[in-house]
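K.L.:
Following the hints, complete the assembly by docking chain R onto the known chain H.
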Amino acid sequence: EADIYQTPRYLVIGTGKKITLECSQTMGHDKMYWYQQDPGMELHLIHYSYGVNSTEKGDLSSESTVSRIRTEHFPLTLESARPSHTSQYLCASTKARTGELFFGEGSRLTVL
Amino acid sequence: GQQVMQIPQYQHVQEGEDFTTYCNSSTTLSNIQWYKQRPGGHPVFLIQLVKSGEVKKQKRLTFQFGEAKKNSSLHITATQTTDVGTYFCAGRNTNAGKSTFGDGTTLTVKP
Chain H
1 EADIYQTPRY LVIGTGKKIT LECSQTMGHD KMYWYQQDPG MELHLIHYSY GVNSTEKGDL
61 SSESTVSRIR TEHFPLTLES ARPSHTSQYL CASTKARTGE LFFGEGSRLT VL
Chain R
113 GQQVMQIPQY QHVQEGEDFT TYCNSSTTLS NIQWYKQRPG GHPVFLIQLV KSGEVKKQKR
173 LTFQFGEAKK NSSLHITATQ TTDVGTYFCA GRNTNAGKST FGDGTTLTVK P
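So the protein lines, in turn, are chains H and R. Taken in order, the first sequence gives residues 1 to 112; the numbers are from this note's numbering. Taken in order, the second sequence gives residues 113 to 223; the numbers are from this note's numbering.
Take these hints with a grain of salt, some might be off.
What the hints assert, rightly or not - Computed cross-link-like contacts, SDA-like style, restricted to lysine to any residue with a CA-CA straight-line distance of at most 20 Å:
#1 H:Lys95 - H:Ser49
#2 H:Lys57 - R:Asn205
#3 H:Lys95 - R:Phe157
Keep in mind the hints are simulated off the structure, nothing from the lab.
In isolation and in its complexed conformation, chain H is listed as follows (with noise of 0.2 Å):
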């Protein structure tokens, strides 16, 4: 099994709140990525991040940011969240060469 790490893995706050979801991995990967994801529906990617101090943002416009201090901690943060952010946000780490992708157990955010 993968040790990639998402907390919290459920989330209810209130309009306007700031939050922060926790992404650590210890398998020394350089890429990282933040895919937001509805229940049932497909995966879209928002943010990753192929190293230290290098982010992009994704194919799906999103209002949070993420930072990457130290190869494995890959943070996501909304500023004022809005209950059109209530989704499921999943981590996924990869080795640069393989590809394969490693995903954290999600973290799902309820914004009331």
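P.N.:
Here is chain R on its own, set in the frame of chain H:
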């Protein structure tokens, strides 16, 4: 941009029946990966195909990569209730460092 489409979106089968999901890309791919996501779970890597026309098998699962490297399929023989979940393909083109996921095919198996 690159688009990856999967059909069907849903498939309901009786246990023991076969199942196939198809993945089509708008561009030529350098590789394609398949993932399975159980209900309430996260995607788990199944396999990666790289070569044109490649066929790989994992027990009852057979994966194919098209000759033109623009389509792929996953076939499950004699489905079991443990096969329930959503199957996603993810295609990567040569110059991209990221993969594009298909819409997924959700399989339900009636015992």
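K.L.:
Enumerate the violated hints, using their earlier numbering and listing them in ascending order.
P.N.:
Structure breaks no hint.
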